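K.L.:
I would like the entire structure built from these sequences, with the hints used as guidance.
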Amino acid sequence: RSGEMAKLTQLIDNEVFRAYATYTTIVLLKMMLMSLITVYFRITRKAFVNPEDTASFGKGESAKKYLRTDTDVERVRRGHLNDLENIVPFLGIGLLYALSGPELYTALLHFRIFAGARIAHTFAYLIPLPQPGRGLSWAVGYAVTISMAYKVLKTVLYL
Amino acid sequence: RSGEMAKLTQLIDNEVFRAYATYTTIVLLKMMLMSLITVYFRITRKAFVNPEDTASFGKGESAKKYLRTDTDVERVRRGHLNDLENIVPFLGIGLLYALSGPELYTALLHFRIFAGARIAHTFAYLIPLPQPGRGLSWAVGYAVTISMAYKVLKTVLYL
Amino acid sequence: RSGEMAKLTQLIDNEVFRAYATYTTIVLLKMMLMSLITVYFRITRKAFVNPEDTASFGKGESAKKYLRTDTDVERVRRGHLNDLENIVPFLGIGLLYALSGPELYTALLHFRIFAGARIAHTFAYLIPLPQPGRGLSWAVGYAVTISMAYKVLKTVLYL
Chain U
1 RSGEMAKLTQ LIDNEVFRAY ATYTTIVLLK MMLMSLITVY FRITRKAFVN PEDTASFGKG
61 ESAKKYLRTD TDVERVRRGH LNDLENIVPF LGIGLLYALS GPELYTALLH FRIFAGARIA
121 HTFAYLIPLP QPGRGLSWAV GYAVTISMAY KVLKTVLYL
Chain S
1 RSGEMAKLTQ LIDNEVFRAY ATYTTIVLLK MMLMSLITVY FRITRKAFVN PEDTASFGKG
61 ESAKKYLRTD TDVERVRRGH LNDLENIVPF LGIGLLYALS GPELYTALLH FRIFAGARIA
121 HTFAYLIPLP QPGRGLSWAV GYAVTISMAY KVLKTVLYL
Chain F
1 RSGEMAKLTQ LIDNEVFRAY ATYTTIVLLK MMLMSLITVY FRITRKAFVN PEDTASFGKG
61 ESAKKYLRTD TDVERVRRGH LNDLENIVPF LGIGLLYALS GPELYTALLH FRIFAGARIA
121 HTFAYLIPLP QPGRGLSWAV GYAVTISMAY KVLKTVLYL
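Residue numbers (this note's numbering), protein chains in the order written: chain U, 1 to 159; chain S, 1 to 159; chain F, 1 to 159.
Be careful, since some hints might not be right.
Identical copies look the same in the list; a pair holds intra-copy or inter-copy alike.
Straight line, CA to CA, 27 Å or less: simulated DSS-like cross-link-like pairs of lysine-lysine [said to hold, decoys possible]:
#, residue 1, residue 2
1, Lys154, Lys30
2, Lys46, Lys64
3, Lys151, Lys30
Calculated from the structure, these hints are not laboratory results.
Keep in mind it's a predicted model, so treat the numbers as computed, not measured.
P.N.:
Set out below in structure tokens:
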């Protein structure tokens, strides 16, 4: 058992893998924050989708009026879905990239730019910033993921 | 080759990693179940979204009436999306947590509570239970993931 | 450091793991392609959802008419969400399966069929093909993931 543990510890002690673990945790926590922001807007805008969520506002018609969509809530939800669409590929391709033996400097560059781009994307979506603010931040994160995918396929390709 | 295989086997023989593998597979299978429930409600409620899915009901207006939203279908789809939003962070942060050398007892506690909370969340959403049933089950899974993220960042932080 | 690197390299040199890395990268890239197709349809169909995205079309009512849903855009978005719902389980369960020591031949069969099924699903959704084209391609990918989950649980079960 302690021999196996030692091996696992070695994996987590690798600097590239530690960097991957750090930035992946950061972007996943950022994505999770979208849930809290959605809840915040649903409560402050009184805009719910499930009848059972409005039960505390009374019964019948008085509660039914809170079953509605709100532009702020929908905006946060779109940002959340965009996170899922982009952070899931980073999670998978980034892990394989970290295991493909990149230079520490290059790997850090990829991880830092991706995390920065996704944080910028959230600000651009929620403020909202005029375009191409949101579009550019999305494209940068996308390009970083493509770059990592290229390295993975070049290193491991086995069809 | 057999040397490499031995090493891989050692990873999967580690008890914490085996627990992670077990509970991750369980919650992912639970999430996949949402697809089947959606299909079941679409067929029994006759509520479809793609015109090609209603072709067996005839042509023209007779089939067009089945292109509609149904509250039960939409409820399952919201539960499915909520699974994606919460199980993706568990998948990534949980893997890094399992590799960060936690005590077996602590790790099992995290994994079991998370899996239990997500299964409870599905029942709370689909029955549906009155609030705060669904809210609490969501919050418990969320808190477990935050706790694992804290351990990961404390162990590996490399910015 | 070089000792750790050697160990990581061994993981990525394992043939089953290399096959997993290759096919996972391919299906994640395919999923990312859905973002580009969505952007393409949003621009060619002039159908946007965020007011800031239509600013280049002028102000007031002249731009507001482009804030609308379009059937082609919605179709791509449904395909994208279906990818998320099915590729996320493959990402997680496939990784654990690759680490559970399957035969190379069996593993390749699983990965190839899954990737083929998801690519077929995208064509079936976007052309669109008559049913059961899309339904079958979805079911094949689903069944492959269940088969891998069964192998994982049989190998590692630790509750």
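K.L.:
So, for every hint listed, does it hold in this structure?
P.N.:
Quick rundown of the hints versus the structure:
In this homomeric assembly, Lys154 and Lys30 come within 27 Å of each other (Cα to Cα) only across copies, at 17 Å, whereas the closest approach inside a single copy is 30 Å. Proximity of Lys46 to Lys64 under the C-alpha cut-off of 27 Å is found in both arrangements, the shortest distances being 11 Å within a copy and 25 Å between copies. For the identical chains of this complex, Lys151 and Lys30 are neighbours both inside a copy (26 Å) and across copies (17 Å), given an alpha-carbon limit of 27 Å.
Consistency with the previously given hints is maintained throughout, with no hint failing.
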